[in-house]
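Participant: For reference, the chains in residue letters:
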Amino acid sequence: MSNRTIRGKTAVAGVGETTYYKHGQSPDPEFVLVLKAILKACEDAGISPKEIDGFASYSNDRNEPTRLAAALGIDDLRYSNMNWGGGGGGVAAAVGNAAAAVSVGFADCVVAFRGLAQGQFQRFGKAPPVSTVSGDPAYMSPYGVMSPLQKYAMRAMRFMHENKVDHSVLRAISMASYHHAQNNPRAVMYNRPLSEEKYDDSRWIAEPCKLFDCCQENDGAAACIIVSAEKAKDLKQKPAYILGAAQGSDHRCGAPVMNATNFPSSSFASLAPRLYEMAGVTPKDVDVVQSYENFTIGVMMAVVEHGFCEPEECSEFFQLENLMAPSGKMPLNTSGGNLAECYMHGLGLQIEAVRQIRGDSVNQIPGADVALNIAGPMVHHVSTIIMGSEATL
Amino acid sequence: MSEIYLPEGLPTPVPQNDGLDKAHWDGLQDGKLLIQRCGDCSTWQWGPEWICHECNSFNMEWTEVEGEGTIYSWERPWHPVHPALNGHGAYIVVLVELPNAGNVRMIGNLLGDPVQDVVIGSKVKAVFEKHGGDTPYTLVQWKVAD
Numbered sequence: 114m115s116n117r118t119i120r121g122k123t124a125v126a127g128v129g130e131t132t133y134y135k136h137g138q139s140p141d142p143e144f145v146l147v148l149k150a151i152l153k154a155c156e157d158a159g160i161s162p163k164e165i166d167g168f169a170s171y172s173n174d175r176n177e178p179t180r181l182a183a184a185l186g187i188d189d190l191r192y193s194n195m196n197w198g199g200g201g202g203g204v205a206a207a208v209g210n211a212a213a214a215v216s217v218g219f220a221d222c223v224v225a226f227r228g229l230a231q232g233q234f235q236r237f238g239k240a241p242p243v244s245t246v247s248g249d250p251a252y253m254s255p256y257g258v259m260s261p262l263q264k265y266a267m268r269a270m271r272f273m274h275e276n277k278v279d280h281s282v283l284r285a286i287s288m289a290s291y292h293h294a295q296n297n298p299r300a301v302m303y304n305r306p307l308s309e310e311k312y313d314d315s316r317w318i319a320e321p322c323k324l325f326d327c328c329q330e331n332d333g334a335a336a337c338i339i340v341s342a343e344k345a346k347d348l349k350q351k352p353a354y355i356l357g358a359a360q361g362s363d364h365r366c367g368a369p370v371m372n373a374t375n376f377p378s379s380s381f382a383s384l385a386p387r388l389y390e391m392a393g394v395t396p397k398d399v400d401v402v403q404s405y406e407n408f409t410i411g412v413m414m415a416v417v418e419h420g421f422c423e424p425e426e427c428s429e430f431f432q433l434e435n436l437m438a439p440s441g442k443m444p445l446n447t448s449g450g451n452l453a454e455c456y457m458h459g460l461g462l463q464i465e466a467v468r469q470i471r472g473d474s475v476n477q478i479p480g481a482d483v484a485l486n487i488a489g490p491m492v493h494h495v496s497t498i499i500m501g502s503e504a505t506l
Numbered sequence: 672m673s674e675i676y677l678p679e680g681l682p683t684p685v686p687q688n689d690g691l692d693k694a695h696w697d698g699l700q701d702g703k704l705l706i707q708r709c710g711d712c713s714t715w716q717w718g719p720e721w722i723c724h725e726c727n728s729f730n731m732e733w734t735e736v737e738g739e740g741t742i743y744s745w746e747r748p749w750h751p752v753h754p755a756l757n758g759h760g761a762y763i764v765v766l767v768e769l770p771n772a773g774n775v776r777m778i779g780n781l782l783g784d785p786v787q788d789v790v791i792g793s794k795v796k797a798v799f800e801k802h803g804g805d806t807p808y809t810l811v812q813w814k815v816a817d
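Residue numbers (the working numbering), protein chains in the order written: chain S, 114 to 506; chain C, 672 to 817.
These are computed hints drawn from the structure, not numbers from a lab.
Glycine residues also receive a C-beta, built at the ideal position from the N, C-alpha and C atoms.
In silico contact screen, one side only, chain S against chain C (beta carbon under 8 Å); selected entries:
no., residue
1, G238
2, K239
3, V243
4, T245
5, P255
6, G257
7, A266
8, W317
9, I318
10, R365
11, M371
12, N372
Turn these sequences into a full structure, and let the hints guide you.
Facilitator: The following block contains the structure:
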């Protein structure tokens, strides 16, 4: 392995999230939500907010580091980073970029954060209010392809065709998230269980996806604090060490008009091997998987591309009991994820991976040492990260 | 004015303001399907870009292609995400490979019954759909070949 690695050099030392709201229901402005999440993460880590010296985010987060640093009274802002690419493809990259910055000494205490108050801004699931379109949207919007699901459904339709995937795969992924949310009082879908019948009876949003295949749209904010491994050992919480991170996509993934070379894909084909190599683990070593559900179809392909089953084995592998904590073969989205906890653009899933490593998840996997966290499947720039306990160093 | 597949009121496509794809949109208005091909290495390319992804030449040309393709993938949206689609119901979007242009893909709607069975691999033919108004344009739609 290359000695250019971030393996074990940093850890997530603090996590924080606001109350999670349905979209449009936050009583606070988006900026206040972000501040509250950051302060909670500091409290969790046992550090002063003045110790933060860097910020990392993604998807053009509106809450700029300079405003945050001024608002919090930070003395010396040493690092800020915005990961390019829309959607949640950048969430693991934001944590990875923070870890890289701390690893090389750009900064000592970087917060990876995301704030979303969709009620106060444009919603993701609605077409942008424009009268003309040019560039890539000109080849999509006039044909009724405007929302994220409409842009990605055809990747999965082709994948399911080539690999003869049964639609029950998508239902199992959705039900795993809803099942886990029933133990999670933070979850927007707490006390709202999902049965097979309820899933089957739900309406199509865009075939092959039904209502419960689609994430929520929410208001809230979440934050993770990344410090050096040495510093993390002296702080309040059990560290969740960052073992590896990868971002990007394979050949011409972003080619316009859906001309990606590897089209029936969630964009992880070239990332997953890089991730495992840096982290020094294999899929067999992974105790728990958080896989960003923009839509269940993306989870399906992402799990395959991370090596948990062969594409043609999906129908057998994705059975609800295999995906459930504490004893499933591959416990998945143990907080309820984007479908049922909150669509905090995937940062909630990062926090859940940290909780699993600490041992304090609401759906704890006994002795979880290695947690995989897959971000934003199917978008054209994705990212993925592995965290581990001290035993993995 | 011929029949159109989706209701009026969706965003109007206009050429990119740097001129990259003006030839394509002008070609459709003249009833021609023009796709990019590299003048140096002959690689077909879609969507449009200023440079050839294979040999990195800027010598990209516009080549007329027969409107024949194969359904590579599809979806059937039901939920309206734009006000113009409220109350409209299902429609079919297809991703069509053009075997006469290096299997590049185009997006369009599949004409006919919106709840018809769609079969990946089916042969389809292009249908030019003219839109009038202040900024007229032409879309490429597809119908299953007989």
